[in-house]
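**Q** Produce the entire structure from the sequences given, and follow the hints as far as they go.
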Amino acid sequence: MKKLILFCTLFSFFGLVAQEIYSPSKSIKLTFFLTENGEPVYEIFYKNSKVINTSKLGVSLKGETGLTKNFRIINKEEIYVDETWKPVLGEQSEIRNHYNQVTFHLLRNETNIKLDIVFKVFDEGVAFRYEFPTEEQVRYFVVSDENTEFNLTDD
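Heads up: the sequence shown runs through residues -13 to 141, numbered per our numbering.
In short, the hints are calculated from the structure, not lab data. Errors might be hidden in some of the hints.
The list that follows gives simulated cross-link-like pairs (lysine-lysine, DSS-like), each with its CA atoms no further than 27 Å apart [as the list claims (entries may be wrong)]:
(1) Lys48 to Lys12
(2) Lys42 to Lys55
(3) Lys100 to Lys42
(4) Lys106 to Lys62
(5) Lys33 to Lys100
(6) Lys12 to Lys42
(7) Lys12 to Lys33
(8) Lys55 to Lys100
Here are the in silico distance ranges between beta carbons for each label pair [to be verified]:
(9) Glu6 to Glu132: 33 to 43 Å
(10) Tyr8 to Thr51: 13 to 23 Å
(11) Glu132 to Lys36: 41 to 51 Å
(12) Val3 to Ile65: 46 to 56 Å
(13) Thr51 to Ile81: 36 to 46 Å
(14) Gln78 to Tyr8: 21 to 31 Å
(15) Glu80 to Lys36: 27 to 37 Å
(16) Ala4 to Gly76: 34 to 44 Å
(17) Val129 to Asp109: 23 to 33 Å
(18) Gly76 to Glu135: 32 to 42 Å
(19) Asn23 to Phe118: 13 to 23 Å
(20) Glu132 to Asn98: 20 to 30 Å
Everything numeric in this text was worked out from a predicted model, so none of it was measured. Note that the Cβ used here is the ideal one computed from N, Cα and C, for glycine as well.
**A** Shown next, in the form of structure tokens:
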């Protein structure tokens, strides 16, 4: 029983601790965490200087409350990609695709709706997307609003 309580405590704490993802050269750092209300937020640093202040993530579904808070992290997957591809047209014969990717699997507490946020951190910048895993209780939905914030630090 003590092990179960410790596991649950650590699992709950996982979302409150900032998760750091670096570009391959370590010049860009993305920090992701859940606030006390379970809101997914991120920050971006370039060469140790913050370029994007704490910014909220989330979407709203038609007929549902927003998928913006009351989340917990249920899993995290990390992959490292370093590959090249050949474009059909362009000035370069090969293009390097080099980044670190982290997928945060989130679960909304009161509705048990899942939301994945996938971050790719390149040496040149950061990209992210929302994914909606297949679920029995959610077969069809319409995204009515994107609530993503980009709180830039300065000019």
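**Q** Indicate, hint by hint, whether the structure satisfies it.
**A** Consistency of the hints with the structure:
1. Lys48 to Lys12: violated, 39 Å
2. Lys42 to Lys55: holds, 9 Å
3. Lys100 to Lys42: holds, 17 Å
4. Lys106 to Lys62: holds, 13 Å
5. Lys33 to Lys100: violated, 34 Å
6. Lys12 to Lys42: It holds: about 23 Å lies between the C-alpha atoms, which stays within 27 Å.
7. Lys12 to Lys33: holds, 8 Å
8. Lys55 to Lys100: Satisfied, since the Cα-Cα distance of roughly 12 Å is no more than 27 Å.
9. Glu6 to Glu132: 33 to 43 Å: At 25 Å between Cβs, range violated.
10. Tyr8 to Thr51: 13 to 23 Å: violated, 34 Å
11. Glu132 to Lys36: 41 to 51 Å: With a Cβ separation near 23 Å, glutamate 132 and lysine 36 fall outside 41 to 51 Å, so the hint is violated.
12. Val3 to Ile65: 46 to 56 Å: violated, 21 Å
13. Thr51 to Ile81: 36 to 46 Å: Taking Cβ atoms as reference, threonine 51 and isoleucine 81 lie about 42 Å apart, which means the hint holds.
14. Gln78 to Tyr8: 21 to 31 Å: holds, 25 Å
15. Glu80 to Lys36: 27 to 37 Å: holds, 34 Å
16. Ala4 to Gly76: 34 to 44 Å: Between alanine 4 and glycine 76, where Cβ atoms are some 38 Å apart, the hint holds.
17. Val129 to Asp109: 23 to 33 Å: holds, 31 Å
18. Gly76 to Glu135: 32 to 42 Å: Holds, at about 34 Å.
19. Asn23 to Phe118: 13 to 23 Å: holds, 21 Å
20. Glu132 to Asn98: 20 to 30 Å: Since glutamate 132 and asparagine 98 have Cβ atoms about 22 Å apart, the given range 20 to 30 Å holds.
Of the numbered hints given earlier, the model fails hints 1, 5, 9, 10, 11 and 12; all others are met.
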